[in-house]
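Undergrad: With these hints in hand, go ahead and build the complete structure from the sequences.
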Amino acid sequence: MLPLRDLQQRFASRLLETDSASVLDWIRADGISALARVEIYRNNLHAGFTKTLGLEFPVIQRLVGQAYFTQLALAFLAYHPSRSGDLHHVGAPFPGFLQKQFANTDYWYLADVARLEWAYQECLVAEDSDCLDPQTLRNIPVDAYSNLRFTIRSACRLVDSPFPILRIWEANQSAAALPDFIDLTTGPDHVVLVRTPAGLHLSRVPAGDFQLLTGFAAGQTLEHALEAALSRDAQFDLGAALRRCMGLGVFGHTTFY
Amino acid sequence: MRVEPHIQSPLSSHVEERGTPKAAGLAGVGLRAQHHTEILSRLPQVGWFEAHSENYLAAGGMHREQLLQIRCRYPISLHGVGLSLGSTDPLKREHLLALHRLVQTVEPVFVSEHLSWGSIDGTFLNDLLPLPHTDEALRHMSARVTEVQDFLGRQLLIENISSYLRYRCAEVPEWEFLAALVHETGCGLLLDVNNLFVNAMNHGFDAHTFLHGIPTSAVQEIHLAGHTVMQLEGRDIRIDTHSTHVSPEVWRLYSAALSRFGPLPTLIEWDAEIPELSVLEAEADQARSMLESSRAAAA
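Protein chains in written order, with this note's numbering: chain L, 1 to 257; chain H, 1001 to 1299.
Source of the hints: derived by calculation from the structure; they are not laboratory data. Keep in mind that a hint or two might mislead.
Said to hold, decoys possible - Quick partial rundown of chain L residues pointing at chain H, CB under 10 Å, derived from the structure: (1) Asn44; (2) Arg83; (3) Ala126; (4) Asp128; (5) Ser129; (6) Leu132; (7) Leu158; (8) Ser161; (9) Pro162; (10) Pro197; (11) Leu248; (12) Gly252.
Stated by the list, open to error - A partial selection of chain L residues facing chain H, derived with a Cβ cut-off under 10 Å: (13) Phe11; (14) Leu15; (15) Asp25; (16) Arg28; (17) Glu39; (18) Lys51; (19) Gly54; (20) Ser84; (21) Arg244.
Stated by the list, open to error - Pairs of lysine to aspartate or glutamate residues, derived as EDC-like cross-links and limited to a Cα-Cα distance of at most 20 Å, are as follows: (22) Lys51/L with Glu1273/H; (23) Lys100/L with Asp160/L; (24) Lys51/L with Asp1271/H; (25) Lys51/L with Glu122/L; (26) Lys51/L with Glu1249/H; (27) Lys51/L with Glu39/L.
None of these values were measured; they are calculated from a predicted model. A virtual CB, placed ideally from N, CA and C, is assigned to each residue, including glycine.
TA: Dropping the structure here:
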């Protein structure tokens, strides 16, 4: 008998179609060929992987159709097989894969829609944390404002795109009626995803708000994040932006030095 | 509080110790996310629920929160499908740590995994693949079960899987392999009666020989599920799909298992084409009725 490790490597190679040394010689036929027996497991792998990816990227699946999505999923499997016993991680490299797949084509926007869907998946299972209590800010001395560091809650993600990705996402929710046409030139979209006890919400925010939040997410102080937001939008109104972001439940624990 | 005081098992003692309300016996149902809200609003007469550990390893989120709410109402067991116990790769530390955290939070009645492997060289096939029942595999599996039991600080139940092939090597029968594993590690067994039936039909052995070949005291939980018959190269092969009702043959084998092992916590599993919760409750009712008969016969 082959050593167990050799057997497992040959078996996996057969399932992933990188077969170098066949496992078939080590499997009994018993009325059904070894090949057909292993095919049951290969079909399980393909079906399970495609189903998982479809659950994580339902909008991409709907946009490209089931048949082409299955082709995409199996091509993706060849490059990015699962690296975990927990299937929640399977889709992480999928947006990057689509970006390469559709670079310089009319379907480039699919990678950005996939980034939005993956951000949604991450928000669903991110650590629970409390929203910032607005009262906290009232206790901060005015001269400390510039050094405030707003923390973005772990169940919050920021996704932007030159394409109208939120409109595409909304139009492809199962309850939504598909519009006849979405003009891809009606972007850009700056999207904030937040999970609160009330649910997971996606909101389109102004470019300046998005820049401010991106700065906070990178650990910048209010002063530096504001500079970047103003460079993006000269009319940027910090007070209004902070109120909008607080309303969305974006901020968690906040410190000042 | 409703318990089944005459049925002595780890589950019933657990129910009594924790004073868990709504425990309607030993028949449970596999917990699936689409039923969470209904369970919490309706509190169905189900004895317990079993959650797939991997569905709740994440740090937070609604599903995990709902699991903890359901935990306040019902006993829960944690059933792993992704640890890849039989793999010759090292066990994944992050997975073990996440499982440990979940076990500490949920305080499950049982923690179970499979006699299988599912990963190699860091790649996971996310399936329950059969091990050869050799001395080498037994030594390996024993070391792994011991490692996990030591890490979690508690006993694991190991489940027999369905398989569609056997290896061309000197294997001992599956029941001898499981009995040796129990002897080596002190683990318990989760007897999946559907898997046993599927294997007996696919590989041509007598399921009753299996039932008499595993140590009675090790079996602590029973699984029941539906399977599908496929034709392959002109021959029938049974596939463990978990997508339909428990078959009449499996109910009969379950009855034989109850005669041998006594009334044990029994779970209805349904993982594909998942129906309304009421369908699962009806299957659990049938198991409950057979558990009652088994208890009466034992008395």
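Undergrad: Going back to the hint list, which numbers does this structure go against?
TA: 6, 7, 8, 9, 11, 12, 19, 21 and 26
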